[in-house]
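Student: From first to last, the protein sequence lines stand for chains R and G. Residue 213 in this note's numbering sits at position 213 of the first sequence, and the numbers go up by one each step. Residue 87 in this note's numbering sits at position 87 of the second sequence, and the numbers go up by one each step.
Rather than coming from a laboratory, the hints here were simulated on the basis of the structure. Even glycine gets a Cβ: it sits at the ideal position worked out from N, Cα and C. Keep in mind that the hints are not guaranteed to be accurate.
Quick partial rundown of chain G residues pointing at chain R, CB under 7 Å, derived from the structure [stated by the list, open to error]:
1. Gly7
2. Pro32
3. Pro57
In silico contact screen, one side only, chain R against chain G (beta carbon under 7 Å); selected entries [to be verified]:
4. Ala148
5. Glu185
6. Glu194
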Amino acid sequence: MSIRTEELLVNVGPQHPSTHGVFRLVVKLDGEVITEATPVIGYLHRGTEKLAENLSYTQIIPYTDRMDYLSAMTNNYVLCHAVETLMKLEIPEKAEYLRVIVMELNRVASHLVWWGTYLLDIGAMSPFLYAFRDREKIVELFNELCGARLTYFYMRVGGVKWDAPPGWIDKVKEFIPYMRKQIEEYEKLVTGNEIFLSRVKDIGKYDSQTAINYGLSGVNLRSTGIDWDLRKQEPYSLYEQFDFDVPTSTDGDCFARYRLRIEEMKQSLSIVEQAVAQFPEEGKIMAKVPRVIRPPAGEVYSRIESPRGEIGCHIVSKGKAEPYRLKFRRPSFVNLQILPELLIGETMTNLVTIFGGIDIVLGEVDC
Amino acid sequence: MKGIVKGLGVTFKNITKKKVTYAYPDVPMNMPDRFRGVQHFEPDKCIVCNQCARVCPTDCITLVGKQDPNSEKKVKIIDTYDINFEICILCDLCTEVCPTEAIVMTNNFELATYSRDDLFKDLHWLENNNTLVRSENSTNLQPKAKPKPKPKATKEEGVK
Numbered sequence: 001m002s003i004r005t006e007e008l009l010v011n012v013g014p015q016h017p018s019t020h021g022v023f024r025l026v027v028k029l030d031g032e033v034i035t036e037a038t039p040v041i042g043y044l045h046r047g048t049e050k051l052a053e054n055l056s057y058t059q060i061i062p063y064t065d066r067m068d069y070l071s072a073m074t075n076n077y078v079l080c081h082a083v084e085t086l087m088k089l090e091i092p093e094k095a096e097y098l099r100v101i102v103m104e105l106n107r108v109a110s111h112l113v114w115w116g117t118y119l120l121d122i123g124a125m126s127p128f129l130y131a132f133r134d135r136e137k138i139v140e141l142f143n144e145l146c147g148a149r150l151t152y153f154y155m156r157v158g159g160v161k162w163d164a165p166p167g168w169i170d171k172v173k174e175f176i177p178y179m180r181k182q183i184e185e186y187e188k189l190v191t192g193n194e195i196f197l198s199r200v201k202d203i204g205k206y207d208s209q210t211a212i213n214y215g216l217s218g219v220n221l222r223s224t225g226i227d228w229d230l231r232k233q234e235p236y237s238l239y240e241q242f243d244f245d246v247p248t249s250t251d252g253d254c255f256a257r258y259r260l261r262i263e264e265m266k267q268s269l270s271i272v273e274q275a276v277a278q279f280p281e282e283g284k285i286m287a288k289v290p291r292v293i294r295p296p297a298g299e300v301y302s303r304i305e306s307p308r309g310e311i312g313c314h315i316v317s318k319g320k321a322e323p324y325r326l327k328f329r330r331p332s333f334v335n336l337q338i339l340p341e342l343l344i345g346e347t348m349t350n351l352v353t354i355f356g357g358i359d360i361v362l363g364e365v366d367c
Numbered sequence: 001m002k003g004i005v006k007g008l009g010v011t012f013k014n015i016t017k018k019k020v021t022y023a024y025p026d027v028p029m030n031m032p033d034r035f036r037g038v039q040h041f042e043p044d045k046c047i048v049c050n051q052c053a054r055v056c057p058t059d060c061i062t063l064v065g066k067q068d069p070n071s072e073k074k075v076k077i078i079d080t081y082d083i084n085f086e087i088c089i090l091c092d093l094c095t096e097v098c099p100t101e102a103i104v105m106t107n108n109f110e111l112a113t114y115s116r117d118d119l120f121k122d123l124h125w126l127e128n129n130n131t132l133v134r135s136e137n138s139t140n141l142q143p144k145a146k147p148k149p150k151p152k153a154t155k156e157e158g159v160k
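The shape of chain R in the complex, shown without the other chains:
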């Protein structure tokens, strides 16, 4: 007796909880095996780049908060850094220290959200609560520093908006050992768990050549053994002064990406520790910038390492107060492109694992 089979078309999203936003994946299934997957993006498109053409440089910064909303500080920085490079501005040391501290704390917060939601996706409820409990501490530090919990709008062209409030640096100092202890706890809770390991080991494998061909960056690239971190390769801000490692792995599977993100949190904490130890008490937090920022005519592309990979900002300036063209290279968007290839031949349950492992933020994908 033969069984009649039929290809099944399944829509994952746009409101599926595992898509972390409004992302749709049209999946063709043969039984339980995926034969084709097509991502549909653009549900959250707001036209940031077009809007920016009619806004002054200071006004664009709050829009960058809303791109990668899990690490708004790095987005703030990439725009400010691009404008500052174009204007050849000298940034006060204290402002740079504050920037490095908040960017690295933000990296920890971003990876915590990833860690919590990833495990939530693959069926573990409680790690999410642990992650958000500890992320709350970072968010509260930011709330005290710049008055917002998510859309920080902390950096300005030429420096930062606020100086650290009294006692803030001490709070950061107290937070570092606390967080280290928590990361140890996370590893105890999840990393050795056999169910978790069977879900992520050898899943979503790709080699370094594929990663380069797709233009991946960040952890997605480093998990294939390529040592590429812009904080080391093209040091910006004060990163040359700090001693930290870039963790890499050669496995290229979801477990490798999990391990690397945990390791990155530890490295970020070590950078924050060094930065608060050297933090200058005195000093200005803003360079001398004119009230109306008019960078000289020209082009600039600046790139930095965001928690998700290489985030770049390309500005074409005609010497006016508004950019002629602004382009963001968003790591989430680029990293997402490998998804259809990875999904072919996988089962439906692995879809969530692979998709979560890439770590995208839909605000950034659609921009």
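Start from chain R and add chain G according to the hints.
Tutor: Coordinates of chain G only, in the frame set by chain R:
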């Protein structure tokens, strides 16, 4: 099996720990001083320089000035001042550029309503929203601010 048991150890350790959740609607939430909440507006201080409306990234501020009836000179006072909180992103730029601290940030953040129309706040609402003003501005808060600062030329270029 060993890994699961180890993980359960963490779970059991955390059972006895104190709760970390906030009892928010029952217990009011206190935000730090720099918190960017809903703005407070002081009509007496406003010199109708239009800088806040021009610097706003989302164009959510609308204001109209009128001739001061108590002055012979060409002095403008505020007539209407509206903020549309449907699109306001609470970015703090309006309070940053205000030369007379007529518009300042407060820690109030409870904007939720049943109707979108309620999010359109006018001058009186913003004037009465005068609690929890950011401390760097609240020292200058007086019901009648006199003498008035000299109005700047309205043609002056703002940030944009």
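Student: Against each hint, give a clear statement of whether it holds in the structure.
Tutor: Hints, verified against the model:
| no. | hint | in the structure |
| --- | --- | --- |
| 1 | Gly7 | holds, 5 Å |
| 2 | Pro32 | holds, 4 Å |
| 3 | Pro57 | holds, 4 Å |
| 4 | Ala148 | holds, 6 Å |
| 5 | Glu185 | holds, 6 Å |
| 6 | Glu194 | holds, 5 Å |
Of the numbered hints stated above, none is contradicted by the structure.
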